[in-house]
Amino acid sequence: MNRIDQAFQRYNDRYRLIPFITAGDPDAKTSLELIRLLDEEGVTAIELGVPFSDPLADGPVIQAASDRALAAGMNLRGVLKLAQQARQLGVQTPLILFTYYNPVLHYGVERLVAAAKEAGFDGFIIPDLPLEESEALDRMATDAELHLIPLVAPTSHERIRAIVSKRKGGFIYCVSSLGTTGIRQHFSDGVESFLDEVGSSSPVPIAVGFGISQPHHVEQMSKHADAVVVGSALVRLLESLGERLQQEESRAAALDEVRQMIRNLVGKKGRVTSGR
Numbered sequence: 001m002n003r004i005d006q007a008f009q010r011y012n013d014r015y016r017l018i019p020f021i022t023a024g025d026p027d028a029k030t031s032l033e034l035i036r037l038l039d040e041e042g043v044t045a046i047e048l049g050v051p052f053s054d055p056l057a058d059g060p061v062i063q064a065a066s067d068r069a070l071a072a073g074m075n076l077r078g079v080l081k082l083a084q085q086a087r088q089l090g091v092q093t094p095l096i097l098f099t100y101y102n103p104v105l106h107y108g109v110e111r112l113v114a115a116a117k118e119a120g121f122d123g124f125i126i127p128d129l130p131l132e133e134s135e136a137l138d139r140m141a142t143d144a145e146l147h148l149i150p151l152v153a154p155t156s157h158e159r160i161r162a163i164v165s166k167r168k169g170g171f172i173y174c175v176s177s178l179g180t181t182g183i184r185q186h187f188s189d190g191v192e193s194f195l196d197e198v199g200s201s202s203p204v205p206i207a208v209g210f211g212i213s214q215p216h217h218v219e220q221m222s223k224h225a226d227a228v229v230v231g232s233a234l235v236r237l238l239e240s241l242g243e244r245l246q247q248e249e250s251r252a253a254a255l256d257e258v259r260q261m262i263r264n265l266v267g268k269k270g271r272v273t274s275g276r
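So for the sequence shown, my numbering puts the first residue at 1; every next one is plus one.
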């Protein structure tokens, strides 16, 4: 069984968290340390972002992370290597390759599916790949026992059933609000009904992302979704810790700050989730 499906089937007395990090920010060694840390903290899955020069769905925080990672030499091939190294070190958490479609086309769709499988990835998120053009990749991924995770937004109202109805595994990524990724203090009044609508139509779990940064956001959203995705808030912390993460004498303390953030978001052990 795909690791993503296994992760959602496990009983969890903490909130299910799917953190996003940009691979190679601030460098590959630190990204590998972060993957191991997130694995130790028992997150539900890890989105590993491929740095890209034109990340249309991402706001300034993740755009800047992409710039730093690209400057450090990270690319799609490097992200595949990073996942492989993580698996060799014993990381068991599902890994999701988050990328835009241009790098996929450049690498070769069939070749990438095979390489991702071999590296130890469990699924893909490709935010600029529309449903109508995803059939070939979806079929190849399914044949390789990987999941292509679809995104639905509040504006997808008329298409929700078409997008989610054929899913047989993985999860549905619900975008909490319009616009690009980024930290938000408040969410629109309609987000909860939107999540309930997707959840009622979906044969697989749903996760919600975009703007979630605080423990009370996680608690609020987990009442209507099976998992929450936290990206910009984590990436911003990593940006602030960048130099300390890269220096031997300060790395451990900096990683502890990341660990504490994750623990605050997933809740303390023994705290019963109010999620679905």
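Calculated from the structure, these hints are not laboratory results. Remember, it's a predicted structure, so these values are computed and weren't measured experimentally. There may be inaccurate statements among the hints.
[Said to hold, decoys possible] Derived BS3-like pairs: lysine-lysine, alpha-carbon spacing no greater than 27 Å straight-line:
1) Lys81 <-> Lys166
2) Lys117 <-> Lys166
3) Lys166 <-> Lys223
4) Lys168 <-> Lys223
5) Lys117 <-> Lys81
6) Lys117 <-> Lys168
7) Lys29 <-> Lys166
Numbered hints the structure breaks, given as an ascending list: Violated: hints 1, 7.
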